[in-house]
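Chemist: What follows is the residue order along each chain.
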Amino acid sequence: MEYMALLIFFGLMLAIAFVFVFVNTLLGPKSSEALQDYPYECGVPLYDKSAQSTFHQGYYLLGLLLLLFDIEAAFLFPWAVVYRYLGIFGFIEIFLFLLILTYGLLYAWRRGALNWQFEEESL
Amino acid sequence: MEGLVIWLIVTFVKILVILGIVLGVGAYLTLVERKVAAHIQRRPGPMVVGWHGLLQPLADGLKLLTKEDLFPRYGNRFLYNLALVLALVPATLVFAVIPFGPEFEVFGVKVKPILTDVNIGLLLVFALGSMAVFAIALAGWASNSKYALIGSMRKAGIVISYEVVITFAAMGPLILAGTLSTYHIVQSQIEQGLWYVWLQPIAFVVYMFAMLAETGRVPFDIQEAEAELVTGFTVEYGGMKFGLFPLVEWYIEVLSLSAIAVVLFLGGWSPINIPFLGFVDPLFFLGPLSPFIWFILKVSLLFLFVLWLHWTLPRYRIDQITETAWKVMLPLTLLNILLTAILAPILWR
Chain A
0 MEYMALLIFF GLMLAIAFVF VFVNTLLGPK SSEALQDYPY ECGVPLYDKS
50 AQSTFHQGYY LLGLLLLLFD IEAAFLFPWA VVYRYLGIFG FIEIFLFLLI
100 LTYGLLYAWR RGALNWQFEE ESL
Chain B
0 MEGLVIWLIV TFVKILVILG IVLGVGAYLT LVERKVAAHI QRRPGPMVVG
50 WHGLLQPLAD GLKLLTKEDL FPRYGNRFLY NLALVLALVP ATLVFAVIPF
100 GPEFEVFGVK VKPILTDVNI GLLLVFALGS MAVFAIALAG WASNSKYALI
150 GSMRKAGIVI SYEVVITFAA MGPLILAGTL STYHIVQSQI EQGLWYVWLQ
200 PIAFVVYMFA MLAETGRVPF DIQEAEAELV TGFTVEYGGM KFGLFPLVEW
250 YIEVLSLSAI AVVLFLGGWS PINIPFLGFV DPLFFLGPLS PFIWFILKVS
300 LLFLFVLWLH WTLPRYRIDQ ITETAWKVML PLTLLNILLT AILAPILWR
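Quick note, the sequences are listed as chains A and B, same order. Per numbering that gives the first Met the number 0: the first sequence = residues 0 to 122. Per numbering that gives the first Met the number 0: the second sequence = residues 0 to 348.
Each hint can be trusted.
In silico contact screen, one side only, chain A against chain B (beta carbon under 10 Å); selected entries: (1) F8; (2) M12; (3) I15; (4) K48; (5) L61; (6) F90.
Distance windows between CB atoms, simulated: (7) G86/A with I39/B: 46 to 54 Å; (8) I8/B with L45/A: 53 to 61 Å; (9) E40/A with L61/B: 28 to 36 Å; (10) V47/B with Y46/A: 39 to 47 Å; (11) K48/A with L296/B: 46 to 54 Å; (12) G86/A with P274/B: 21 to 29 Å; (13) F74/A with L61/B: 44 to 52 Å; (14) L64/B with L13/A: 13 to 21 Å; (15) G86/A with G192/B: 20 to 28 Å; (16) R41/B with G111/A: 41 to 49 Å; (17) L78/B with L63/A: 18 to 26 Å; (18) G86/A with E102/B: 27 to 35 Å; (19) Y106/A with P344/B: 28 to 36 Å.
Think of the hints as simulated: they come from the structure by calculation, not from any bench. C-beta: ideal position from N, C-alpha, C; glycine also.
Only chain A is shown next, with the shape it has when bound in the complex:
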């Protein structure tokens, strides 16, 4: 029952989002300039039609780190909720868990994964 309200709200927001997507097509004027849908690049003709191949590969590294640590965070949620009832067992357990996590962080740090913006030779 609690989730029904969330579902109704979700449906409503989806409808509103679709309104936002199509409202300009309905209300806006239509003109046909030859270059009006040309990708913006300060008025210079495009060197390369596609931009999708030219981003920094270091972002992959950040993505990998996120995968590692966000999943660990998901493990911490249930522990945090029931910590009151776990006592000393819960504490030692999470101490070891965080120790391993910190070790992973230090490893990534040591290997230079956190200096992801720069190439190896410039370091």
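Using the hints provided, position chain B relative to the given structure of chain A.
Modeler: Chain B in isolation, oriented as in the chain A frame:
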């Protein structure tokens, strides 16, 4: 059957209130921001449309609505529009689990001023918060324009770095409260007579940093960086589509994350707290309205703090931002979790 009808009516009223906050207040915050910015720089700000520019958001909205719908020619139209939906829907759904005040009674019906008091409220907040990165990455990717792509990649990098940090920072109050339901987190703060910010100063500061980074506010607005990237991933969006991204990013998300900060650290709707002694309420004369006023007051103070930072601090580089997240903030939050785990049993006793 009657119970169902009442439930439906109550739910729809709540949804309308949230929609009012999201679209109405959200739109008017643009005016607040411009006014605050203007007065910090000693200029009057918008003055022409309405009294002291009060109708300015409406004029802006009308202008955005009547713009032509342009689409970059090498882009992917489906993903381009999907990014918009993915930006708006999760950001507003967060409001479903924000408690605005304590339970009250109207016409014999008990109403909790929270859309759904689900027992995994906070988990929902972070799950929906993680969805934001899809919208940003898709917006830049689908536009197929260089500025948009650079902006969206930067923002995605920042968001995924601080997503980790904000989750770990929220873990401290979670341990103390022992529940994921936002409503009960506030209630346990009231029962324990303690705003969690007193025990979690590190987590609170880290949370504020992460909030600024996730919403792309100064000093972490490198994805927008108007001097070099124009407006980042929204370059190729026009009309209302362009209006929606800043609305979601700068206003709706700042509001929802401030509200979550208030819930986690500043005791939700409770009045001023003296640690371990109790609460002092200078607004007692407002009677049953005072908790709501307190909640709104705290959220708006946090929002004004964010605006104030905008006109005070310079902008950081992308690598400085992400490296701060991993090298400073994350170790701090890990330490904070450990400290809280030691402190919490003393508090419960």
